[in-house]
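Residue numbers (this note's numbering), protein chains in the order written: chain A, 1 to 114; chain B, 1 to 660.
In short, the hints are calculated from the structure, not lab data.
Please note that the accuracy of each hint is not assured.
Stated by the list, open to error - Straight-line Cα separation of at most 30 angstroms, DSBU-like style, residue types lysine-lysine; simulated pairs:
1) K636(B) / K45(A)
2) K99(A) / K43(A)
3) K75(B) / K96(A)
4) K633(B) / K32(A)
5) K116(B) / K504(B)
6) K636(B) / K43(A)
7) K37(A) / K180(B)
8) K180(B) / K96(A)
9) K99(A) / K37(A)
10) K378(B) / K28(A)
11) K96(A) / K189(B)
12) K180(B) / K32(A)
13) K504(B) / K96(A)
14) K116(B) / K99(A)
15) K43(A) / K180(B)
16) K75(B) / K442(B)
17) K99(A) / K378(B)
18) K177(B) / K37(A)
19) K396(B) / K504(B)
Stated by the list, open to error - If the Cβ cut is set under 10 angstroms, some of the chain B residues that face chain A in the computed set are:
20) T184
21) S482
22) A502
23) A503
Treat the numbers as computed from the prediction; the structure is a model and nothing was measured.
Ideal placement from N, C-alpha and C gives every residue a C-beta, glycine not left out.
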Amino acid sequence: MERLFMDKFLIIYMLSLLGFLCFSLSMKMHQKQILNKELMVNKGKILLGLGSVFLLFSLMVSIYFYEASLGTCYWIGVMTFSALTLSICLTYLPQKILKMILCVVVITAIFNVI
Amino acid sequence: MRVDAKAEGIRQSMSWLHIWSGLILGWLLYAIFFTGTLSFFQNEITIWMKPELHQSLTHQSQAQQLQTGLAVLQKQSPDAGSWTVNLPLPRETTIELNVSDHPVTLDSRGGRGGQKTIIDSQTGQEIHPRETRGGMFLYRFHYELYALPNWLARWMVGIATMFMFVAIISGVITHKKIFKEFFTFRPGKGQRSWLDAHNMSAVLALPFYIMITFSGLILFMYSVMPWGISALFPGGRGEFPKAFTAQTQADGVDSPVEKQDVHLSQIIKSNLGHSNTHGHGGEGGRSRQGSGGRDQMGDGDQQSQARGQHEPNGQDTRGGRNDPAADGAWQGQARGQDDEDQNEHGPRQGQDARGGRDDQDGDYWQVQENDAEVTVKKVPLTNMLPIFQYAQSHWKNNRIRSVIINNPNTADSQIVLKAAYADSILERDRVPVLTFNGVTGKLISNNPAQNISVATGVYNTMTNLHEARTAGLYLRWVLFFSGVLGTLMIASGLILWLNKRAAKNSEKKSFGYRLVEILNIAAIIGLPLATAAYFYANRFISATAENRADLEIKTFFAVWCLSLIYSAVRSYRQAWLEQLVVASAAYCLIPVLNLLTGGRPLWSSIYEAQWVVASFDLICLVLGLIFIFAFMKTLKHKGIIRKSKMKQIKNEVNGEVIHG
Chain A
1 MERLFMDKFL IIYMLSLLGF LCFSLSMKMH QKQILNKELM VNKGKILLGL GSVFLLFSLM
61 VSIYFYEASL GTCYWIGVMT FSALTLSICL TYLPQKILKM ILCVVVITAI FNVI
Chain B
1 MRVDAKAEGI RQSMSWLHIW SGLILGWLLY AIFFTGTLSF FQNEITIWMK PELHQSLTHQ
61 SQAQQLQTGL AVLQKQSPDA GSWTVNLPLP RETTIELNVS DHPVTLDSRG GRGGQKTIID
121 SQTGQEIHPR ETRGGMFLYR FHYELYALPN WLARWMVGIA TMFMFVAIIS GVITHKKIFK
181 EFFTFRPGKG QRSWLDAHNM SAVLALPFYI MITFSGLILF MYSVMPWGIS ALFPGGRGEF
241 PKAFTAQTQA DGVDSPVEKQ DVHLSQIIKS NLGHSNTHGH GGEGGRSRQG SGGRDQMGDG
301 DQQSQARGQH EPNGQDTRGG RNDPAADGAW QGQARGQDDE DQNEHGPRQG QDARGGRDDQ
361 DGDYWQVQEN DAEVTVKKVP LTNMLPIFQY AQSHWKNNRI RSVIINNPNT ADSQIVLKAA
421 YADSILERDR VPVLTFNGVT GKLISNNPAQ NISVATGVYN TMTNLHEART AGLYLRWVLF
481 FSGVLGTLMI ASGLILWLNK RAAKNSEKKS FGYRLVEILN IAAIIGLPLA TAAYFYANRF
541 ISATAENRAD LEIKTFFAVW CLSLIYSAVR SYRQAWLEQL VVASAAYCLI PVLNLLTGGR
601 PLWSSIYEAQ WVVASFDLIC LVLGLIFIFA FMKTLKHKGI IRKSKMKQIK NEVNGEVIHG
């Protein structure tokens, strides 16, 4: 039961984390923090779109797991924590943020494969 | 209008509104948020505060737990009007039994009012936990406060909630860079950092704050906006929920749809007739109601029709699966299993019942009903296992919450199985229910899905989320952490008010400034201290002491008052540091206290997967560590640079520039 809960949570959390990462990378201030350079305006717009797709996908996954009403509420709650995680990482570990998110992706994959 | 008589922009006026609506009721809001957040886990708090319940472990299957409960009931009260067995959910440790003289109806909420017994889930041994208000005290405090008349407390909390709602909306308007600074936190920059912390905690959980305040207001609507309801229902406010329930039932597919709908329409019609002198308006109101009713009834009719077509054939209206109960095959299987069970598990429940009744009049006994003696034939209960398995397979991810047996051991016996959670967050006070014949085991009814109107859906969703009803453990944790963020948001806002005015008050503190300082400490750290004292009192006051529940609550308020007095007599910084030390120690030592005073130790609760107890200890440990972190930060904090000192530095810098 707990394992299933972690599976579902991690998938929704990971997808929304990727969504917010794309959002932050679309902002000049955070581009400098994470990549040490500014991206082209077009790339920023693509990242914004990609972020929206990730968030939408995490919503769909949440609804698939928990049905529409509960899934939407859960998705909003999980988004709070993925955004908070990203904010804390951007504040204290901006250079390692990509590695950390990669870790989250790997952990989610391991949890779901096992 | 500004002090300098210049015109104010919308952002400036909203900023003013945000600051003062947040400050004036900030301390009350903090207390409401803090206790409300803890209330998401009021079960865990109550169980921790009753260490007698920790002995009960829930490793068994639900079927085994039911067997344990039924064995006790058969032995203790075989002739009762009804039995209710509440099986432990993941957030509980024990089985709760309820015996009543009368059959329980579904409306009577699972056998309340009978004789309650708590038993160990494994052994069936009766447990007598200590008297305490537990988490219920914190839960009720967050909306009723304490020792105040109910109406007054609800008005106070209602007004505070409205102020919070105003502060949220005005805060969003005031926030200049809500998207640009979405992920921004700049630590170590004094006021800037506090503003970032306030903004970040506010923006990230904004949907939660809007939901929790709006739903709080909806929950208070009977208290703070009673006039509309009073005008429409002259017989009293009690009529409104009845009509509301009637409407909800009419929205469903149960057969008395038309009757219920007419009932509501008639009530409103007759009340409008009495109170509304504007015939046209009244007519309009009626026609809208009627129309809505017809629409809903139409759906209901369709579903009723569908049900009517399916039921005689024994087909499940929900999943479209064949209903094993209806075609008789399952019944045979049930009996077969019954016989097998007899061999595997020893005597059946029915045989137990017979054994329990041997001292009576053979296979019959007489009961008094309406002054007439009625002879009731003793009939053993059917085997519960197939019924149980059917419910489990039918509800899939849902769990069985309670089993109600009306008229047990008689020919009229009926078994009602209630699920733990509603099918959707749109439903309130309505969980899936299966009713079986208690003798044959045949499925009698399966409460069908209801049509829910938009208004009812909004009300149900909002209030369910506020109270974390129908929420599984995962959503409960999400709500809890959002509540923690909300508590931090209010605390950071209160501290920010002081920080903004610190330079101005650096030489001589104004009365208002000092008052806010004292109240801030007493609220932000005083309340967690008082809560810790409440937990400690629970374990230090003798379990058999009289009025011990009141003593626990008195300890809570005594420590809170002490914190206030201490904050007033000590300097701001010292009061913070000293109370943080006490709070850190108090929360870090909670697992030790639990171990030494009869509770299940942390390692054992983790090993036995008794997360309901382990999570309390762990959260207290985390809270203790957060207080240690806050203490270290406060200790390192050098304070606000005084205004004169700042001037001096500025002059020095200017001088250097000029001379340079």
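Hints, verified against the model:
Annotation: proposed proximity of K636(B) to K45(A) is violated, straight-line Cα distance about 43 angstroms (limit 30 angstroms). Under the criterion of a C-alpha separation no larger than 30 angstroms, the hint pairing K99(A) with K43(A) is consistent with the structure, at around 21 angstroms. Our distance criterion of 30 angstroms between C-alpha atoms is broken by K75(B) and K96(A), whose separation comes to about 65 angstroms. Note on K633(B) and K32(A): the hinted pairing holds, with a Cα-Cα distance of about 29 angstroms set against a maximum of 30 angstroms.
Between the alpha carbons of K116(B) and K504(B) the distance comes to roughly 62 angstroms, so the proposed pair goes past 30 angstroms and is violated. A distance of roughly 43 angstroms separates the Cα atoms of K636(B) and K43(A); the hinted pair therefore is violated under the 30 angstroms criterion. Among the hinted pairs, K37(A) with K180(B) is consistent with the structure: their alpha-carbon atoms are about 18 angstroms apart, no more than 30 angstroms. For the hint pairing K180(B) with K96(A), the CA-to-CA distance comes to about 22 angstroms; that is within 30 angstroms, so the pair holds.
With a C-alpha separation of about 18 angstroms, the suggested pairing of K99(A) with K37(A) holds against the 30 angstroms cut-off. In summary, the hint linking K378(B) to K28(A) is not supported, as the alpha carbons are separated by about 80 angstroms, beyond the 30 angstroms threshold. A C-alpha spacing of about 23 angstroms is found between K96(A) and K189(B), which places the hinted pair at or below 30 angstroms, so the restraint holds. With a C-alpha separation of about 14 angstroms, the suggested pairing of K180(B) with K32(A) holds against the 30 angstroms cut-off.
At most 30 angstroms may separate the alpha-carbon atoms for a hinted pair to count; K504(B) and K96(A) exceed this at roughly 41 angstroms. Using a Cα cut-off of 30 angstroms, the hinted pair K116(B) and K99(A) is violated, with the two alpha carbons roughly 56 angstroms apart. A C-alpha spacing of about 17 angstroms is found between K43(A) and K180(B), which places the hinted pair at or below 30 angstroms, so the restraint holds. Using a Cα cut-off of 30 angstroms, the hinted pair K75(B) and K442(B) holds, with the two alpha carbons roughly 25 angstroms apart.
Pair hint K99(A) plus K378(B) does not hold up; C-alpha atoms about 71 angstroms apart against a cutoff of 30 angstroms. With a CA separation close to 22 angstroms, the supplied pair K177(B) and K37(A) stays within the 30 angstroms bound. With a C-alpha separation of about 64 angstroms, the suggested pairing of K396(B) with K504(B) is violated against the 30 angstroms cut-off. A distance limit of 10 angstroms between C-beta atoms decides the matter here; for T184(B) the minimum to chain A is near 7 angstroms, and the interface restraint holds.
This hint holds: S482(B) has a C-beta 6 angstroms from the nearest C-beta of chain A, less than the 10 angstroms allowed. With its C-beta approaching chain A no nearer than about 24 angstroms, A502(B) sits outside the 10 angstroms limit, and its interface hint is violated. For A503(B), the shortest C-beta to C-beta distance to chain A is roughly 26 angstroms, which exceeds 10 angstroms, and the interface hint is violated.
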